[in-house]
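**Student:** Going line by line, the protein sequences match chains S and W. Mapping of the first sequence onto the working numbering: residues 105 to 287, in sequence order. Mapping of the second sequence onto the working numbering: residues 45 to 326, in sequence order.
Keep in mind the hints are simulated off the structure, nothing from the lab. Remember, predicted model here, so these are calculated numbers, not experimental data. Take the hints with a grain of salt, since some may be wrong.
[Said to hold, decoys possible] Part of the chain S face toward chain W, derived, beta carbon under 7 Å:
1) 127
2) 137
3) 232
4) 233
5) 272
6) 282
Cβ coordinates follow ideal geometry from the N, Cα and C atoms, glycine included.
Here is what each chain is made of, one letter per residue.
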Amino acid sequence: MDGRTEPSDAELLQAVAGDDTAALEELYARHAPWLSIRLTRRCNDDSVVADVLQDTFVAVWRGAGSFRGEAEVAAWIWGVAVHKLVSRLRRRRARPEMPFEEMRSGLESSVEEQVLEGVEYGDLGSALARLSPEMRAVVQATVLDGLTAREAARLLGIPTNTVKTRLFRAKAQLRRELVEVPR
Amino acid sequence: MSTWHVEASTLRAWVEGTTGAVVSASVEQHLVHCERCRTAVAGLVPLEDVPGGWDGVLAEVAAGRAGRLERALVDLGLQEGDAVVVGAAPVLRIAWAAGLAAVLGFILVALLAGHDRGQALFLALAPLVPVAGVAAAYGPSADPSYELVLAAPYRIIRLVLLRTAAVLLTAVPITIAAGLLLPLDGAAAVAWVLPSLAFTLAVLGVGAWVDPWAAAVAVGAGWVGAVAVSARLGDVLVVVAPTVLVGYVALIVAGALILALGTPAWRLDGQWTPMQPGRERT
Numbered sequence: 105m106d107g108r109t110e111p112s113d114a115e116l117l118q119a120v121a122g123d124d125t126a127a128l129e130e131l132y133a134r135h136a137p138w139l140s141i142r143l144t145r146r147c148n149d150d151s152v153v154a155d156v157l158q159d160t161f162v163a164v165w166r167g168a169g170s171f172r173g174e175a176e177v178a179a180w181i182w183g184v185a186v187h188k189l190v191s192r193l194r195r196r197r198a199r200p201e202m203p204f205e206e207m208r209s210g211l212e213s214s215v216e217e218q219v220l221e222g223v224e225y226g227d228l229g230s231a232l233a234r235l236s237p238e239m240r241a242v243v244q245a246t247v248l249d250g251l252t253a254r255e256a257a258r259l260l261g262i263p264t265n266t267v268k269t270r271l272f273r274a275k276a277q278l279r280r281e282l283v284e285v286p287r
Numbered sequence: 045m046s047t048w049h050v051e052a053s054t055l056r057a058w059v060e061g062t063t064g065a066v067v068s069a070s071v072e073q074h075l076v077h078c079e080r081c082r083t084a085v086a087g088l089v090p091l092e093d094v095p096g097g098w099d100g101v102l103a104e105v106a107a108g109r110a111g112r113l114e115r116a117l118v119d120l121g122l123q124e125g126d127a128v129v130v131g132a133a134p135v136l137r138i139a140w141a142a143g144l145a146a147v148l149g150f151i152l153v154a155l156l157a158g159h160d161r162g163q164a165l166f167l168a169l170a171p172l173v174p175v176a177g178v179a180a181a182y183g184p185s186a187d188p189s190y191e192l193v194l195a196a197p198y199r200i201i202r203l204v205l206l207r208t209a210a211v212l213l214t215a216v217p218i219t220i221a222a223g224l225l226l227p228l229d230g231a232a233a234v235a236w237v238l239p240s241l242a243f244t245l246a247v248l249g250v251g252a253w254v255d256p257w258a259a260a261v262a263v264g265a266g267w268v269g270a271v272a273v274s275a276r277l278g279d280v281l282v283v284v285a286p287t288v289l290v291g292y293v294a295l296i297v298a299g300a301l302i303l304a305l306g307t308p309a310w311r312l313d314g315q316w317t318p319m320q321p322g323r324e325r326t
C-alpha cells in the first residue's frame, strides 16, 4: 500500500530465526517503544519494565523459529511480554506499584472489540467508563491482555477468586447497561 | 485492515499517560494490529528512553548463542526453533544427568547384591528412567520457556513428543549399555525397553487428564511393586514373559492412539490445558 521496500515483521522474524541480530535490533526498534508504554501502564516500575522487555526480546530471539506465521507478530510479542510481566512480578513476590486510580487503561469485551476500536463516546464507551477502576483493571487483564484469572490475580496482587467475582460483576453491569440504554 | 488511525494528539496523550481508560484500551487494541500507528509511537518514544535498552538484549543474546545442546540437536537435523524448545527445559539436562548417575549407581549395587537380587533391582529401575525423564521435561512447573510456549502458535503436543524423543534417545542407550554390562540373561537386558516405552506413552497419554508427575509416580510404584512381587514368588523374569509383553504392546498402541487422536485437553491451538485439581484456567 505504501510501497515500502522494508522487510515485514514476519520476514524479520525469519531472519532472527537464522541468527541475525541486526533483524532482532530492527524488531526491537519497531516494537520496544509501544511495548514499553503499554507495559508501564500495567506496572509503573521502570526496572521491572526493563527486565520484562529484555526477557521478551531474548525469548523472541530464541523462539523465532517456532513462530508459525498464523498470528500477527505484534500480537505474539505482546503475548510473550505480558506473560513475562506476570512471571517477573511473581518472582518479585510484591505488589506492582499500580494504584487503581493510575490504571489508565480500560477494557473491552472480546465481542465488542470491533466496536471499541475507533469508538470513543458510544454506549459501550460510556458503559466501560462507568465501571469501577477495580472492575476495569480485572476486565483489562483478563479480556484485553489475555491473561488467565490466576495470572491476572498475580498481576494485580489480589486473590484469584476476587478476579473472578469482579469479572463476573463487570460483565453483568455491562450487559445491563448495554441492553437497557436505548440507542 | 481498517483505515482508521489514532489521531496524533491522542497517541501523544497515550504515550504521556494522560488518556482515560476507554481511550487507552482503544489505542492499545489498535496498536497491536496497526503498523502505521506503531511507527508513530516509535517516533514519539526515542529508543534511549525505552527502559533497559537494546544493549542488554544484545548481550544476553550473544551469551546464550550456540548452547551446546541446541547445536547438537540442530546437527542431528532438528529445526533450530525446535531444538531450542527441546533444550529449553534445564530439567531435561538434570534428568539426563540423574538418569546416568542412577544407572551407574545401580550397576554397582546390583554387582554387590549378587545375581538374583541384582536382576530384580535392575528390572525394577531400568524402565523408570525414561518415564521420569519425560515427566520432568515438560509442564508449567519445569519449563522456563512456558510463557513463550503459551504465547506461541506452537503445537504443544509436538513439543512434548520432541522432548520425549530427546529423553528416550539419551536415556535408553545408557540403560541398555548398563544392561549388557550386567551379568544378566540377555533377554532381561533388552526386554525392559518395551515396558519402558509403554510407561512413557502411558504417562504422555494420561497427561491430558492428570498431572504427569502423579502419573509417573503411580506407574513407577506399580512397576516396582510388580517386580518385587514376582521376585518374591521366585521368578523375576515373569514381568517380561512373552504373554506380559503383549500387554505392554497394547499399552503402547493405546497411548499412541490417545496422542494421535488428541483429546479435549490437548488443544491444538497452542495451549496446554491440564485438568488438574485446583489449577483451573478461565
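**Student:** Give a verdict on every hint.
**Tutor:** Outcome of the hint check:
{"no.": "1", "hint": "127", "result": "violated, 11 Å"}
{"no.": "2", "hint": "137", "result": "holds, 4 Å"}
{"no.": "3", "hint": "232", "result": "holds, 5 Å"}
{"no.": "4", "hint": "233", "result": "holds, 5 Å"}
{"no.": "5", "hint": "272", "result": "violated, 10 Å"}
{"no.": "6", "hint": "282", "result": "violated, 14 Å"}
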